[in-house]
Structures are given as C-alpha cells and as structure tokens.
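Just add 766 to the spot in the sequence shown (first one is 1) and you have the working numbering.
Among the hints, a few may not be true.
Said to hold, decoys possible - Just the calculated beta-carbon pair ranges, DEER-fashion: (1) 807 to 781: 35 to 45 Å; (2) 781 to 813: 43 to 53 Å; (3) 807 to 772: 34 to 44 Å; (4) 843 to 813: 51 to 61 Å.
Derived by calculation from the structure, the hints in this document are not laboratory data.
From the three backbone atoms N, C-alpha and C, an ideal C-beta is built for every residue, glycine too.
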Amino acid sequence: MARWLFFFAEYNFTVEYKPGKQNVLADALTRRSDYELAHLVYLESPLYELIREAYAEDDDLAGLVEALGAFNKAVELTARHRSRLHRYSEWRVCSTTK
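Can you make the complete structure from the sequences, with help from the hints?
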C-alpha cells in the first residue's frame, strides 16, 4: 500500500484502508463469476511458412535447415554451419514439425 501511496502522492485525494469485510466492493469485484467469453480469435499468418520455404531455397543455409529438422540424425556440417546451429538450435526455426 505504501508503494501506491507514493505513486498517487501528486494527485489530490485521500486513501483510506478498509480492512477485511468492510472492503465489500473490492471483494465483490475479485469474486465475480458472471464474466462470459464473448469470442475467441485465432490469428494465423503465413509468415512462418514463408520463412521456412525461403531458408530451404537458400543454398548457403540448406544444410543448416536439414540439421535443424533432423532431431537425432547425424548431419555433416561445415564449421560455419555448426556455429550457426549451436547458436540457433533452441529456436528450431526450420523444424519440419509443428
């Protein structure tokens, strides 16, 4: 509460603490169960697929795409690709699974 008092110190009003059951309004707002989900929207974008296709068509990164898609397969990579694979392996931007 002290943090909020400091935050609102420049405004012209008083803060009164209402303990327990006296603070009925705040208690009622946190316990309301009549909220309904109006609608749910799923957004989809082709961007992920476009990036994956662009990486697959890139001659320099084709080996890296294959290595990122191969979970437990041994893939021969150049030192440059190994460093990139180590750097980006957590992202799996080119993984073949969704």
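Margin query: If you test the structure against every hint from before, which numbers come out violated?
Written below: Hint 4 alone not satisfied by this model.
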